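Asker: Those protein sequences? They're chains A and B, same order as listed. Using the numbering used here, the letters of the first sequence map in sequence onto residues 357 to 838. Using the numbering used here, the letters of the second sequence map in sequence onto residues 5 to 850.
No lab work stands behind these hints, which were simulated from the structure alone. A hint or two may mislead.
Stated by the list, open to error - Pairs of lysine-lysine, DSS-like flavour, derived with a Cα cap of 25 Å: (1) K814(B) - K829(A); (2) K576(B) - K587(B); (3) K575(A) - K587(A); (4) K99(B) - K829(A); (5) K774(A) - K751(A); (6) K641(A) - K829(A); (7) K140(B) - K364(B); (8) K575(A) - K576(B); (9) K581(B) - K790(B); (10) K587(A) - K814(B); (11) K86(B) - K829(A); (12) K139(B) - K111(B); (13) K111(B) - K595(A).
To be verified - So the derived list for chain A, only partly shown, Cβ under 8 Å to chain B, looks like this: (14) K427; (15) V499; (16) V504; (17) V523; (18) P562; (19) E565; (20) L593; (21) A681; (22) G689; (23) L777.
Since the structure is predicted, the reported quantities are computational estimates derived from the model, not experimental observations. For each residue, glycine too, the CB sits at the ideal point set by N, CA and C.
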Amino acid sequence: MEYGNNENKHEIRRDFLKKLAAAGSAALMTGQPQFVRATDDSAANPPAKADACILLWMAGGMAAPDTFDPKRYSPYKNGLEISSMLSTFPAIDTAVDNIKICEGLENIASVMDRATLIRSAVQPDLGSILHSRHQYHWHTGYVPPQTVACPHIGAWIAKVLGPRNPVIPAFINIGQRLEGVGEVEELKAFTTAGFFGSEFGPMNLPFPEEAAQSVRPPKGMDAERFSNRDKMFRRLLDKNPNRDLMSDYQQASMLRSFDNAYRLLSSKEREAFDISLEPKEVLAKYDTGRFGRGCLLARRLIEAGARFVEVTTEYVPFLYWDTHANGHETLAGLHKEMDSPIATLVRDLEERGLLDRTLIVLASEFSRDAIVEGRPGSTASDQATFKVDTVSEMKHYGLHRHFTGGTSVLMFGGGTKKGFLYGETAEERPLLAIKNPVSVMDMHATIMTAMGISPKTQYLVENRPFYVTEDGKGQAVAEVFA
Amino acid sequence: MELRPIRFRCYTEGLPNSLPPYVASMMTRLKRIVRRLTVANLLLLCMGQLTLHAQAQIDFSHEIVPILRKHCAECHSGDNRKGSFSINSRADLLKGSEDGSVVEPGKAESSRFIELLVSNVEGERMPPEGARLEKKEIELLKRWIDGGLNWEQGFVFKAPAYEPPLKPRRPELPPAINGRTHPIDRIIDQHLVSTSIARPAAISDGAFARRASLDLVGMLPESSSLDKFLLDKAPNRRASFIDQLLADDEAYAEHWLTFWNDLLRNDYGGTGFITGGRKQISGWLYNSLITNKPYDQFVRELIAPPTDESRGFIEGIKWRGEVSAGQTNEIQFAQSISQALLGINMKCASCHDSFIDRWKLDEAYGLAAIYASTELEIHRCDKPIGRKAAAKWLFPELGDIDASAKQEDRLRQLAGLMTHPENGRFARTIVNRLWHRMMGHGIVHPTDSMQTEPWSSDLLDMLASDFVEHGYDLKHTLRFIATSAAYQSQSEVLTPDAESRAYRYEGPRAKRLTAEQFVDAVWQLTEAAPTKMDATFVRGKATPQNSTSTELSAKWIWSSDGQAIAHAAGEKRTFRKRFEVPKGLGQAGAVVTCDNTFKLYLNGKKIASSENWEAPVPVRLEGLIEGMNELLVVAENLGSGPNPAGLILEAKIMGKEGSSALDKPPLNIVTDATWEWTDKLPKENGKFAKVPNDWQPAVLVAAQGVWAGVTPKLLAELNRSANISTKMVRAALLKSDPMMRALGRPNRDQIVSMRPNDLTTLEAMELENGNILANTLTVGAENLLKRSWPSQEAFTQWLYRQAFCRLPTKDEQLVARELVGDSLSARGIEDLLWVVIMQPEFQMVR
């Protein structure tokens, strides 16, 4: 474990770089990207405040006024004018005096004194608002389409920092199915290491409770058979009459990958993937559904040395946070699903002394509003499922349109301030960020800075520079760091 | 890892460090203040930040380079050093002129450089003629000088040393050495002599068979043809083997689909399809490959599509919503044809004049304007510059586009210019790609950087000329390469430094199997390929009988007029068609759907039914007889009130295998006015209790809007149903799956011309415990166990021969025995299969 031990950390880093150097020739051969040394000090890496990152992804557009940025509360009543409906949950107190959040998030409220809450994240309008396009933007820092395949933020971190524990894949993606759900091709387009190549891509674990299976021998194969198979694989390799003719370098590189894979599949660390090993009472605090179990899995993986873990509520068109109807009732359910697991995750990491060096970021592709699409004056086309002026049924009650003018981002640990509020949105519609707007680019710069990666970090792709934040221009929000 | 300094950065770095410290600290303070402003100042804030931004940063590449290029570069860069003054590099600039220093960092006011630029004194002013620099240009230059004359490391104004020739060239062949007369060998042997590199040894017949088969048709050699080949003693056996492989049009097409789908970014699914923003060219591509369409014609059909079938490539991917100016469909067109067909990277120039090669913004837009159907505003870094683009071709030496012509004519002109016999770059690009696929490393490398000097221009030019002389025949060039001794020689043994040093030819380089090759090879060994494919074209060579249908002949029918579209919910009708099947016909595929449900009977036997009209059903017409046949459809309209109803069916009846009828057009049976209907219904078994006598002609129903979406599905299923190929389904005919994705099959959102050659840890994990492979091997082991093997040794020998084209050594036999045991079991076979296919010898083409 590297916490509090920089020397050790650098050892791992150096080891990783050495490995990369060995693997580098293949990279060059395929025209793969090369790290570009900065030409001036402005691109030097800042000292890392965090060694690991957990992204809690509220997929589908989390309505800030119904979660972390409560506005005037209008209880449900038949005849309620939608134009006067700002929040459909009352505000509650949190552990921090000047921060209130929505009812239903009481557990998170109780750990707000460990949090930095940004209420002024903003997104561009891309004309027609398509969730997957904004998700692509948020996850890669670039608005699609792009002329090269952009790497996911987790792939950037994996590429630049490498694994924390060489056994655990550096980028793990929990909770999102990439087969058989809507817009799946669009999701795949950013759930990738892009031009970095699959070494830095996500290990996808769509179902936390099945994660253990993904690091076990294939179904129906016991450990003995599995290790015997590996042994025979190596024995046969040894006996290969063409060994000498075979390109030593290519063979070595291939075998190293098999070694790595086998090491994980037979290591002690693989238990980190098995949430059933958790004590019942702990499991109970997380087990609110797939997302909650994903949070538990994330905690276990971070403990074992994962570098970047995303846990998503999962994006499926018109489900979960994609509330085009029944917003209030759906969110009441989502509050339940997220409240205890997130608070428990924060407390658990804190108890283990890991929170200081683990950055937790909760975010969504945009917010929601009851009557504004995009933001005032935008060209975004209206995607409301139904348009009514007054609430006459429960299904009308909630925030059902996409809003890009003011979104909440919640952060814990990783050197961020505790109990700190940053940015503000208007009290009356339009609920725009009126103080300290934070763009997607600057959000990325902030995360990268926390991880000790310069926002100007660049790689040469097809002979041209490609930066971790768009054109290297991202500016970290310095105020959120303690 | 080698840290290579960047040659030129596209975009500016923030330069607070190069500002005087007091300015920087003032700005930081100012920014803080501005950030704290609230509501009323929101607008001001934005403006304030913008201004600050502009103050704080000088963007050398975007702000300074264009000024210097416009006013100074003509006389003071490259070989031109008027007055001994050059701005070619920062060092040149600092060196000054014959009169001494011209500019010093941080001292704009006292610089001779600025003095001359603002001077109005005739004979002194710079530039000596033409417009003066604008005031804001002077201001930028001053700030740049005061900020320290920041320069992009490695940037020079001079044109690159190497400019690839445009015209084709037929190099003189050097004399043959040791009787190796193949033109490729004559050039390479001489090259080896001149570089003092030993000629690599020849490979064995077995290794050759495996390499040639995987390279040319993407499969392991078939057992019988391998046996025959290995027994063949004829001196030309290798050439015959190559010919035999290339003669298998279907196998060839289904292998090269992978390469072309990557290069033309075509697939059965992907981004853009969801909103109709993208079209497949799969059917056209398949047909082009299987008929070995000459490459010049192939490209003409891509650029100027004669039908919609090949239109998808130039149309690109349309994303919903707004996209940046550098990614509109017009710009995608410019980028795609440049990259895929010429190996030219137009991505930089799509946004601004490229800093890494010669291409200019105007040239990217000139190409884009050929495709644009409306006037195209030129954007520089996503901002309009107030000029419209004019259609223009990259190499006016060959002719140009008539910018005033209609779009389709412009595209035809472009197609002509691209495939112009004097456009040597066109042929060089494709032969270099083929060389790379066959030999593991391009003559120009990477293959999309055709501005790079080839390691042998004689080889590249000779291959290109030979390709053109042979009618742009792709198979010819593949054969030409494969028959050379160079191809048939030992792969280079790579040392870890192989890639950090300059490339030198030492023989072919081993290639990793593509995801598709790996999957196909595993399916070959295990017979566990799926039976259905995702491709919606008819497999195999188009015949008079069976080719991919591109439109439907069938009409929607019902019992009464289509204009009165309201049919009662629950209305049931029986439709029938009697038809004569001539002698020799018998294989038939059909597609059918009905709004809302149907049951289909053929000659009194139920063969299909569906309750989901939006998912048309492919049907093989089993039970068809020569002579009179009857199709009977019981159709029902559902719903909560009156609504449209319709039935549609199209069948293609082809000759029986081996019958002479195969040469004639198929018999098409389609729903139309010759069908009849009654409101009497048959029993569940398709027989009437009392045969109705009130059959009336069916009525054509005007196609409803809601039905339009089903038409492409109908076509796809009709083609699927008509697939009579009995060959193994290939991976390239399927959508990507997690295993193929893990093994490097790309999302085809971008053009991919070279896939990664290394196996990564996550890929290894997929192979170690991924469900897809594990299941395939489990099924495969059961399949293989069913065959009767005389002994465990016999199985191992068979497996080695199939997988590696060689027999196992004694030692290998022993290891296999230890793993499998003396008697074969499904488990033993499964484990041995895994152990074998994980060997680098299996995963590579060596």
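Asker: Next, verify each hint and record whether it holds.
Answerer: Hint check results:
no. : hint              : result
1   : K814(B) - K829(A) : 63 Å, violated
2   : K576(B) - K587(B) : 35 Å, violated
3   : K575(A) - K587(A) : 19 Å, holds
4   : K99(B) - K829(A)  : 32 Å, violated
5   : K774(A) - K751(A) : 37 Å, violated
6   : K641(A) - K829(A) : 41 Å, violated
7   : K140(B) - K364(B) : 24 Å, holds
8   : K575(A) - K576(B) : 50 Å, violated
9   : K581(B) - K790(B) : 45 Å, violated
10  : K587(A) - K814(B) : 18 Å, holds
11  : K86(B) - K829(A)  : 38 Å, violated
12  : K139(B) - K111(B) : 18 Å, holds
13  : K111(B) - K595(A) : 72 Å, violated
14  : K427              : 15 Å, violated
15  : V499              : 7 Å, holds
16  : V504              : 6 Å, holds
17  : V523              : 10 Å, violated
18  : P562              : 10 Å, violated
19  : E565              : 16 Å, violated
20  : L593              : 6 Å, holds
21  : A681              : 21 Å, violated
22  : G689              : 27 Å, violated
23  : L777              : 14 Å, violated
Hints 1, 2, 4, 5, 6, 8, 9, 11, 13, 14, 17, 18, 19, 21, 22, 23, counting from the list given before, are not met by this structure.
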